[in-house]
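If you're matching them up, the sequences are chains A and B in order.
With our numbering, letter number 58 in the first sequence gets 58, and the count goes up by one each step, no holes.
With our numbering, letter number 44 in the second sequence gets 44, and the count goes up by one each step, no holes.
Don't read these hints as lab results, they were simulated from the structure.
Misleading hints may appear alongside valid ones.
[To be verified] Derived DMTMM-like pairs: lysine to aspartate or glutamate, alpha-carbon spacing no greater than 25 Å straight-line: (1) A/Lys-139 x B/Asp-18; (2) A/Lys-20 x B/Glu-83; (3) A/Lys-133 x A/Asp-168; (4) B/Lys-13 x A/Asp-113; (5) B/Lys-23 x A/Glu-108.
[Stated by the list, open to error] Covered stretches of chain B, as calculated for chain A (at least 3 residues, CB under 8 Å): (6) 16-26; (7) 83-92; (8) 95-109; (9) 270-278.
Cβ atoms here follow ideal geometry from the backbone N, Cα and C, with glycine treated the same way.
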Amino acid sequence: MNMSESSVVVETRNLTKRFKDVQAVDDLSMKVRKGEIYGFLGPNGAGKSTTIKVIMGLVRPTSGQVFVNGKPTSDHDVEYRRNIGFLPERISFYDNLTPIQTLNFFCELRGADKSIVPSLIKDVGLDSAANRKVGTFSKGMVQLLGVAQAMIGDPSIFILDEPTGGLDARWVKVVRDKLKSLNEKGATIMFSSHILSEVQMLCNKVAVIDKGALVVEDTIENISDHLHIRPRLWIQSSDLKNGLPGWIRSLEGVEDASVKGDSMLITCEPSLRLSILNAIQEKGLKVQDFKTLEPSLEEAFVKLLRDKGGY
Amino acid sequence: MSLNPKSIYIIAKKEFSDNARNKWIISLILIFLVLTIASSFMAGHGKIGEMELTVSALLSISSMLVPIISIMLGYATISGEAESGALSIVLASPIKRMEVLLGKLLGLGSVICFSILVGFGVSGLVIAATTGHAQWGAYLAFMLLTMLLGLLYLSLAICFSALLKRRVVSLGAGVLIFFWGMIVGMIFAGAFMATGGSIDDFLSGDTSSLPDWFWIEPFFGPQDGYGGAAMLAFGQTEILGFEMILPPWLNIYSITMAQIVWTLVPLVLACILFQKRDM
Chain A
1 MNMSESSVVV ETRNLTKRFK DVQAVDDLSM KVRKGEIYGF LGPNGAGKST
51 TIKVIMGLVR PTSGQVFVNG KPTSDHDVEY RRNIGFLPER ISFYDNLTPI
101 QTLNFFCELR GADKSIVPSL IKDVGLDSAA NRKVGTFSKG MVQLLGVAQA
151 MIGDPSIFIL DEPTGGLDAR WVKVVRDKLK SLNEKGATIM FSSHILSEVQ
201 MLCNKVAVID KGALVVEDTI ENISDHLHIR PRLWIQSSDL KNGLPGWIRS
251 LEGVEDASVK GDSMLITCEP SLRLSILNAI QEKGLKVQDF KTLEPSLEEA
301 FVKLLRDKGG Y
Chain B
1 MSLNPKSIYI IAKKEFSDNA RNKWIISLIL IFLVLTIASS FMAGHGKIGE
51 MELTVSALLS ISSMLVPIIS IMLGYATISG EAESGALSIV LASPIKRMEV
101 LLGKLLGLGS VICFSILVGF GVSGLVIAAT TGHAQWGAYL AFMLLTMLLG
151 LLYLSLAICF SALLKRRVVS LGAGVLIFFW GMIVGMIFAG AFMATGGSID
201 DFLSGDTSSL PDWFWIEPFF GPQDGYGGAA MLAFGQTEIL GFEMILPPWL
251 NIYSITMAQI VWTLVPLVLA CILFQKRDM
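Turn these sequences into a full structure, and let the hints steer you where they fit.
Structure below.
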């Protein structure tokens with residue numbers, strides 16, 4: 001399917017939001033197309049949450065317009081929200097309600113069938129806490145209930161603000177798998193994140209914003225090529241005291257290598273990491289420790305902003 | 001803009017059932033019941049007193065208690081939920097903000113009205129059965145006026161809750177609107193003294209020297225207006241044993257109109273403020 005031809009589901013046109021002394025969103029225009037997993041990336045304070053809140057009608061834009069399924073959104077027509085599963089950044093429910101009561105209430109609000117509530121709770125692993133008050137929940141459990149809440153009414157669009165924030169590794173995977181399977185069933189998903197690898201893993205389209213303005217919007221392939229935002233291999237060895245051995249760069253798959261003290265950083269395709277590690281050991285270098293380093297978002301942004309001229 | 005009654009009902013039902021669940025409603029009913037019976041005993045010198053006596057003893061408490069209850073119910077309903085974040089998901093549902101606001105007013109308002117109806121209603125039945133004498137028309141007017149007072153302060157509290165960003169600040173605003181009702185009488189008395197009036201006029205009970213403007217006080221102080229209207233409902237114009245000669249425009253209808261204005265103006269303001277609010 002040619003992405004550029006499929007229909008635009010969520011669009012912001014010249015969106016601007018100014019709080020008293022802060023320009024939170026600055027002339028932001030972006031398009032999320034049907035069937036995409038759209039990553040919304042940017043450092044903290046870049047304006048991701050504000051943009052999402054404007055799309056959901058929670059924050060009034062200073063200027064500009066939001067379109068959902070081609071129709072401009074307005075206060076007078078709230079029906080567009082029935083088809084959007086939403087997870088806010090700082091999620092909170094009513095402390096005095098149980099998860100079942102909470103989801104029942106939101107089912108009523110969305111005009112959805114309440115009989116799905118138990119299965120929604122089970123899906124996010126909260127079935128053992130189904131009759132506990134939400135006030136006693138940990139942050140991660142509230143986040144999971146938020147994910148369950150977003151599924152109510154089987155929406156075809158999901159707008160999720162940091163959906164894996166505050167979750168431990170096991171549940172991060174559950175949520176990511178859930179997003180993938182929703183997308184495979186045809187849902188369009190837009191989510192914000194500041195975890196680069198997560199965006200790379202899930203998204204086929206990415207928008208990067210900084211200081212409220214769009215830095216780049218492109219497919220993940222184009223952006224990855226552009227950024228070389230690949231994880232690097234970190235190797236510790238006492239044999240590295242004398243600097244980088246000359247043969248390292250000639251190993252197959254090594255794109256870049258550098259040494260600092262007794263540790264070495266190698267940039268390569270993730271799939272070649274193991275063979276490179278083996279080759280290094282075969283050459284007689286004693287590997288004491290190794291790990292993969294995720295590129296930091298800051299690094300990626302610095303590079304992206306530096307390269308911006310190319311776009 | 002068309003409103004969806006079902007959405008309003010869902011919000012109202014949640015507010016009402018929250019307060020039923022946390023035992024607020026039953027507590028309020030018991031408080032109203034106990035206070036009325038206690039006031040009746042006090043007014044009846046150890047026996048259950050008649051409705052008129054009971055109400056005149058009860059007014060000094062209910063005119064403070066009902067506003068406090070309303071403010072407690074309403075002060076955080078927008079600001080508190082906005083601060084915690086719970087309101088975001090509600091407002092991201094297919095519901096208009098006006099529907100949320102009206103639902104909250106109706107839900108919390110019915111908590112107050114239901115408690116008053118049952119608490120004062122059952123006490124009224126007890127009084128009527130015990131004394132064998134009842135002024136149901138006036139007593140009913142008293143109950144309705146009490147409900148209106150509750151809605152009035154609820155509307156004020158919700159208005160400040162829609163305006164203010166933080167829960168604790170809107171609590172402060174709640175205290176302020178309560179104190180306005182408490183001090184407005186003193187402000188008028190002060191103005192009377194400052195314009196050459198004498199305290200003796202109050203002490204002697206000679207109200208003929210009071211200027212006409214003094215009598216608009218019940219329109220400005222909702223608590224005093226409520227008390228005055230409830231007394232007028234029983235045909236009483238005596239205060240502290242002194243017969244008051246009231247201007248013809250000061251009557252139960254004009255005071256009730258003023259209380260309705262006091263309820264509707266903050267409500268309209270709350271709608272406008274909430275509509276503009278960034279969550």
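> Tell me, which hint numbers fail for this structure?
Replying inline: none
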